[in-house]
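With the hints as extra help, turn the sequences into a complete structure.
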Amino acid sequence: MDSPTVSMLARSGSQWVEPEKNEMIPLPQGAALVTLPGYLPIGLDDKGEIFLMEQVPGLPAQGVNAVAALLPQGFTRTLLPAGVRQNGSGSLPVYGYAAVGFRNDKIYVAAIKSDEHRKWHPKNYNTNSLELKIKRLTSKYPKNRILTQLTRCSLEYGCYTAQNIFYQRWEGGIPTMISCNADCLGCISENHGPYDSPQNRLTFIPEVNEIAQIGIEHLEKARDAIISFGQGCEGEPSLNAVKLARAIRIIRGETNCGTINMNTNAGYTHGIRQMCDAGLDSLRVTIFSCQEDNYLRYHRPRDYSLIDVINSIHYAKDKGLNISLNLLVFPGFTDREAEVEALLRFVRDNPVDMIQLRNLNIDADFLMENLTANSSGIGIGNFIKVLKEEIPHVRLGSYSHPAPGAQSRLD
1067 MDSPTVSMLA
1077 RSGSQWVEPE
1087 KNEMIPLPQG
1097 AALVTLPGYL
1107 PIGLDDKGEI
1117 FLMEQVPGLP
1127 AQGVNAVAAL
1137 LPQGFTRTLL
1147 PAGVRQNGSG
1157 SLPVYGYAAV
1167 GFRNDKIYVA
1177 AIKSDEHRKW
1187 HPKNYNTNSL
1197 ELKIKRLTSK
1207 YPKNRILTQL
1217 TRCSLEYGCY
1227 TAQNIFYQRW
1237 EGGIPTMISC
1247 NADCLGCISE
1257 NHGPYDSPQN
1267 RLTFIPEVNE
1277 IAQIGIEHLE
1287 KARDAIISFG
1297 QGCEGEPSLN
1307 AVKLARAIRI
1317 IRGETNCGTI
1327 NMNTNAGYTH
1337 GIRQMCDAGL
1347 DSLRVTIFSC
1357 QEDNYLRYHR
1367 PRDYSLIDVI
1377 NSIHYAKDKG
1387 LNISLNLLVF
1397 PGFTDREAEV
1407 EALLRFVRDN
1417 PVDMIQLRNL
1427 NIDADFLMEN
1437 LTANSSGIGI
1447 GNFIKVLKEE
1457 IPHVRLGSYS
1467 HPAPGAQSRL
1477 D
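In this note's numbering, the protein residues as written are 1067 to 1477.
Any given hint could turn out to be false.
With beta-carbon atoms standing in for the labels, derived distance ranges [stated by the list, open to error]: (1) Glu1358 with Val1122: 46 to 52 Å; (2) Ser1371 with Asp1068: 48 to 54 Å; (3) Pro1159 with Trp1082: 21 to 27 Å; (4) Ser1371 with Ile1271: 25 to 31 Å; (5) Asp1068 with Lys1451: 30 to 36 Å; (6) Gly1471 with Gly1114: 54 to 60 Å; (7) Leu1362 with Lys1287: 29 to 35 Å; (8) Lys1209 with Ser1441: 52 to 58 Å; (9) Gly1156 with Asp1249: 16 to 22 Å; (10) Asp1359 with Glu1286: 41 to 47 Å; (11) Ser1441 with Asn1170: 30 to 36 Å.
Below, computed lysine-lysine pairings styled on DSBU-like, alpha-carbon distance capped at 30 Å [to be verified]: (12) Lys1199 with Lys1287; (13) Lys1189 with Lys1179; (14) Lys1172 with Lys1189; (15) Lys1309 with Lys1201; (16) Lys1172 with Lys1451; (17) Lys1383 with Lys1287; (18) Lys1185 with Lys1287; (19) Lys1172 with Lys1113; (20) Lys1454 with Lys1385; (21) Lys1179 with Lys1451; (22) Lys1454 with Lys1179; (23) Lys1189 with Lys1199; (24) Lys1451 with Lys1087; (25) Lys1172 with Lys1087; (26) Lys1454 with Lys1383; (27) Lys1287 with Lys1201; (28) Lys1383 with Lys1309; (29) Lys1209 with Lys1113; (30) Lys1185 with Lys1201; (31) Lys1309 with Lys1179; (32) Lys1113 with Lys1385; (33) Lys1087 with Lys1185; (34) Lys1287 with Lys1172; (35) Lys1201 with Lys1189; (36) Lys1185 with Lys1206; (37) Lys1206 with Lys1189; (38) Lys1309 with Lys1209; (39) Lys1206 with Lys1309; (40) Lys1199 with Lys1087.
Since the hints were derived computationally from the structure, they do not count as laboratory data. We treat Cβ as the ideally placed atom computed from N, Cα and C, and that holds for glycine.
Structure (structure tokens):
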């Protein structure tokens, strides 16, 4: 519902803000509109004062919920939705909510396009042919338990990297590890906060031949092939380095095609070294903050620190790997001056090839309660502008790309 007498407000960190035009774009194809259960929408009335909408005008008995958008890959959220939690309401499901509003009878969303999103457009997934493709591959490898897990991830969770294994294209995920060495606030496979995780973690550790089997199949058959360890349904893959290193050597003994990537917190340097030595091509290191205090508050590592992450990055780069930071972006935090300066120092001091801007999926109130400082941000658009100006040699995007020089089956 568009309320003609109330203008839009949004949220940045813990502050209400009026969106600027350059922070909003027309709702892109592939985005989804969702309600925020238990949250009342707020805006500005015609006097410029904050207005809390508790019911639909003209329909006193009908309650209302605030509305947000979930963005497709390739778009970075600039502002959070404005809403006030009602007493007794629980935490929101773990998604990356972006503010929405109306202008000229069109829906606008607080976002910036940060990467080409053709490969990740929802129209390419959950197609009518998916179940047939799942049946074909699982029939070919009936004893491979990873494919059983990926079938569940594809059909129950709608995971795109799982589905790509069956579509035989682009980046495909190969989960292999049940445990983790961090308790991240926004973990999507294990509960560490007041919410239910959106998916269940892998319950077994695959054998080397199971890993290698899927890896070879995908790298030899897929277009722009990437296999990635470290998926949403598993823990930290480097903890399984012994088996993964053996699998990588087997894979590379069969094919030179494609990119072997690992998504990791990079805290277990010994495991990272083993996999780099075996033939890993690229490393995507997830990081919420380059300030150690906030890093520890969010990631809550069990037996490593930020210096271990740095050591892993340097070792991987010395081995020739392509290094990306998987930066978990949260409006009103990531764009604080202290955070921006810390990120710039980190990238200047360490060999980073790319920064992937990833919208952090988390309940905003829960996150802000667990962080220090409450300064305002400079805006996500300005944050991206600063990165482009200060570190022009670092690529900006939102997802993994084939490593430079990677061979394709189409070459």
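Enumerated hints in conflict with the structure, sorted upward: Failing hints, ascending: 7, 29, 31, 32, 34, 40.
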